[in-house]
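S.K.: Residues per chain, in single letters:
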Amino acid sequence: MAFELFRQFDPVMQMREFGERMNRLFGGFARPEPWRTAEYPPLNIWEDADAYHLEAELPGLKLEDIEVLVQANEVAIKGQRKPAEDQGRTWHRRERTACSFERSVRLPVPPAGEKVQARFTDGVLHVTLPKSDEAKPRKIEVKA
Amino acid sequence: MAETTHAARRNGGGPVRTDGDADYYLPDCDIYETDEAMTFEVEMPGVKPADLSVQFERGVLTLHGRVDKPVERRLLLNEYGVGDYYRRFEVEMEVDAEHISAELRDGVLTLRLPKAQAVRPRKIEVKAG
Chain A
4 MAFELFRQFD
14 PVMQMREFGE
24 RMNRLFGGFA
34 RPEPWRTAEY
44 PPLNIWEDAD
54 AYHLEAELPG
64 LKLEDIEVLV
74 QANEVAIKGQ
84 RKPAEDQGRT
94 WHRRERTACS
104 FERSVRLPVP
114 PAGEKVQARF
124 TDGVLHVTLP
134 KSDEAKPRKI
144 EVKA
Chain B
66 MAETTHAARR
76 NGGGPVRTDG
86 DADYYLPDCD
96 IYETDEAMTF
106 EVEMPGVKPA
116 DLSVQFERGV
126 LTLHGRVDKP
136 VERRLLLNEY
146 GVGDYYRRFE
156 VEMEVDAEHI
166 SAELRDGVLT
176 LRLPKAQAVR
186 PRKIEVKAG
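These protein sequence lines map, in sequence, to chains A and B.
So our numbering is basically just the index in the first sequence, starting at one, shifted up by 3.
So our numbering is basically just the index in the second sequence, starting at one, shifted up by 65.
No wet-lab data here; the hints were simulated from the structure.
All clues stand as given, with none of them false.
Label-pair ranges, simulated between beta-carbon atoms:
hint, chain 1, residue 1, chain 2, residue 2, range
1, A, Glu88, B, Val191, 23 to 33 Å
2, B, Thr83, A, Lys142, 38 to 48 Å
3, A, Arg109, B, Arg123, 47 to 57 Å
4, A, Pro140, B, Gly124, 53 to 63 Å
Below, in silico cross-link-like pairs of lysine to any residue (SDA-like), each with a Cα-Cα straight-line distance of 20 Å or less:
hint, chain 1, residue 1, chain 2, residue 2
5, B, Lys134, A, His129
6, A, Lys65, A, Ala79
7, B, Lys134, A, Trp49
8, A, Lys139, B, Arg139
9, B, Lys180, A, Trp94
10, B, Lys134, A, Phe123
11, B, Lys180, A, Gln90
No residue lacks a Cβ here, since even glycine has one placed at the ideal position from N, Cα and C.
Please work from the sequences and hints to get the whole structure.
M.R.: Encoded structure:
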C-alpha cells in the first residue's frame, strides 16, 4: 500500500499542548533542513529577471488581515492569527496557533516600490516586487 | 482519537515522506467535539477544492490535498517546502456519515462529522415521585 509508511502511531501527538507547539515553531528542535526556521511565518523568496517574489503560507487569514510594507530594500509582513472560539468545545487536538507576527527581510536591491503587488490565494500570500530598472541585468554588447 | 501518521510539522519540518516526485507534508490540525459533532480544522494552504480528497470509510478519515510542484526557481530564502498534504485519523465515534460536510476556505478545511443520534447526549426529564 502506497501510504504504509504513515501508519505509525505517535503518542506524543496526543499529548501536545499549546506551549509545546510554540516551542516547536520557534526553534524547539534543531534540524539541518533548509526550511527550518525560528520565525513566523516561514518565507520563500526567489527572483527572476524582472522581480523578486516572496511567498508565505497564512492559512485562515484574509488579505485585509495582512499588512505588507516596503521601505527602501526592506519588506515587512505583519498580521495576526486569531485564537479559535472556545466555548462548548472539547479539544482533541490543538495544533493551529494564534499569534501576532511581524517579519522583515532585506532584498539585495530596493524594489520599484509603487509597483509592488500582493495577492492572497488559498491561504498563500504572494508578493511580487518588481526590480527597479537600475537593478535589472543589462546585456552588454561585446564588440570584436 | 487515534492517528495513523507520523508526527512531523510542515512549519519547521520537512516532508514526512517522499515518493518519486511528490513530497508529503502533515497538515496542522485542530479537532474539537461538541454535543452534536466532531469538527476538524485542517491547514492546507495552496490546495484548491478540486484538488482535495476527503474519504471516510469504516471509521478511518483520510485527507489528501494535492499541491502543484512549483516551477524550477532559484531560491534566495528557502524556509518551507511545498508539496502534498496527507493525514489519516481513526474516529472512534459513531458518525452520521450521510451528513458529513466539508468546506475549504483560504487554505483551511473545515470538516464536520455529526454524531449518530444514538451517541448524542440526551437530557432526561426527572419527574417528581
